[in-house]
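Participant: Using the sequences and the hints, build the whole thing.
Quick mapping for you: the protein sequence lines, in order, are chains P and G. Residue 1744 in my numbering sits at position 287 of the first sequence, and the numbers go up by one each step. Residue 1505 in my numbering sits at position 48 of the second sequence, and the numbers go up by one each step.
Derived from the structure by calculation, the hints contain no laboratory data.
You can't tell identical chains apart in this list, so a pair holds if it fits in one copy or across any two.
Simulated crosslink set (BS3-like; lysine-lysine; CA at most 25 Å straight-line):
1) 1745 to 1675
2) 1576 to 1548
3) 1691 to 1646
4) 1691 to 1606
5) 1576 to 1622
Treat the numbers as computed from the prediction; the structure is a model and nothing was measured.
Protein chains: 2
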Amino acid sequence: MIRVVVDAMGGDYAPREIVRGAVEGARGHNIEVVLVGRREAVEKELSDYDLDGARINTCWAEETVGMEEDPVRAVRRKPNSSIAVGIKLVKSGQASAFVSGGSTGAVATAALLSLGKKKGVSRPALGIVFGSPSGPVLFLDVGANSDCKPRHLLQFAEMGNVYMKRIFNISEPRIGLLSNGEEETKGNKLARAAYQLLAKSELNFLGNVEGHDLPKGKTDVVVTDGFTGNVVVKLSEGLGEVFAELSKQAVDNNPIFREAEKQILNYTALGGAFLLGVKGNVIITHGKSDAGAMKRAIRLAERMVEQQVAEAIGT
Amino acid sequence: MIRVVVDAMGGDYAPREIVRGAVEGARGHNIEVVLVGRREAVEKELSDYDLDGARINTCWAEETVGMEEDPVRAVRRKPNSSIAVGIKLVKSGQASAFVSGGSTGAVATAALLSLGKKKGVSRPALGIVFGSPSGPVLFLDVGANSDCKPRHLLQFAEMGNVYMKRIFNISEPRIGLLSNGEEETKGNKLARAAYQLLAKSELNFLGNVEGHDLPKGKTDVVVTDGFTGNVVVKLSEGLGEVFAELSKQAVDNNPIFREAEKQILNYTALGGAFLLGVKGNVIITHGKSDAGAMKRAIRLAERMVEQQVAEAIGT
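Facilitator: The structure is reproduced here in structure tokens:
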């Protein structure tokens, strides 16, 4: 049986929506969800549910990490935070995955310091999967590494290759490199050098992908540095909000627009972001995640464990 | 009287839409438009119009630069291209501005080689203006410089400051730096160093702007390197296309969506991209520009000349 730890205190709608998502995520699946967080808060929420058919366990952690706190300092100074305690359960082998909607920086820092990197991975990366007309696209790094070397981008592609093979059963994932032009001579220094490494690798490298190709899904994996990746994801969110606002003004609740919102930006629809390259399965959901998003993140955790994604990355 | 040169051969809808836009742009304004391009093609198009009230002149250039050609090579090998001849008219003082929907690289290269840089400007930058709920936002560099130094970003901010003062009458333009977090400690090495230079400058620097802030218009100017800027603009275009397609499926021709398309991506609505930091006014419109977009670009050229933007940049 798979045991997934869920941070009950992480995210804008914690603990209410997190606990609800955990209960729904556990129900009917052969998994156990361990809710980690402040006893009083978690017990109060849990009392609202009939837990029949849902394996829910708890683990108390009385500290919490705020979104505005410095990640490294918070992880060092708060050993009893829900993030630190949750990651420790994965580290000790008591659980197989950790899901949190809390501070991305704090979760990534705790995972790096406690779980450690897989051999062969210099820089774990944060990935998201978004929908496109030609299928799911894995995009990474979206923020773990602001400055990258060409070989880091090659490693991101290798990790993405494993992920798409295992999670989406794509036999030869098509790899793209985000750049400012199609030709191999285009790009900044980083992208041009990464292009050469990718072209020489055994990956199914299709070449450069431009900004306008991203929503179209030209490749199964797109790699970039964490600075550009973060700008891309946040810009998509921002444009999606403008779009959602405008469509609300036009036609209330038109199903096409609900679909569009998902397509354009709502990667929570596909389970949140995940950290690749650490010794464990770590999923970081959007801060605005509701119960449905948490449930999907738990399903993703389950699948990552079953498919042994963390084991297959690195050596 | 202001004389604006228009590249009749540049863009997907050249020469038909370009010539039409030129005639409409010249009509009723105290400007002369010089159409530069292949004699046969331009004369054929011009024969469709009654030029009463529109000062149109012509200048023949029998070569053209293709979108797929290497910009530097094309500019060197084709001295009689519409781009090279058009830029030369500005260089010699016979005209005050050049407008082209042709290859961005070729126009920028010709402008740099022929007109040269303004003193005090290390790297001319390509800017666009997009609409936001709080007014127009100048975003640069969108592709002229893939690799930048911190001082280049400072210069982009200085040029943007002049532009927004002169073109939009903003007395103290608010300057933002695109980054992956609000705090000054966020960013890649380039952004963190540029932050320090901007904070020490006399500009009205508001700090970092994130991807999701871009469509909201948190500042009047946003600076970034040309790699990230290019990805941002092309991603916005790509998302805008998805959005336009979806809204077409939902409600044909709803005015809110036409407005939204403009807001989200259609910077051609505001006259196209422009090169700041060279000795002359150079406007590069989108390749998909129609007559309306060309007309707006001509208006922008007129205003840039009147407001002496090129003169005011650098020293």
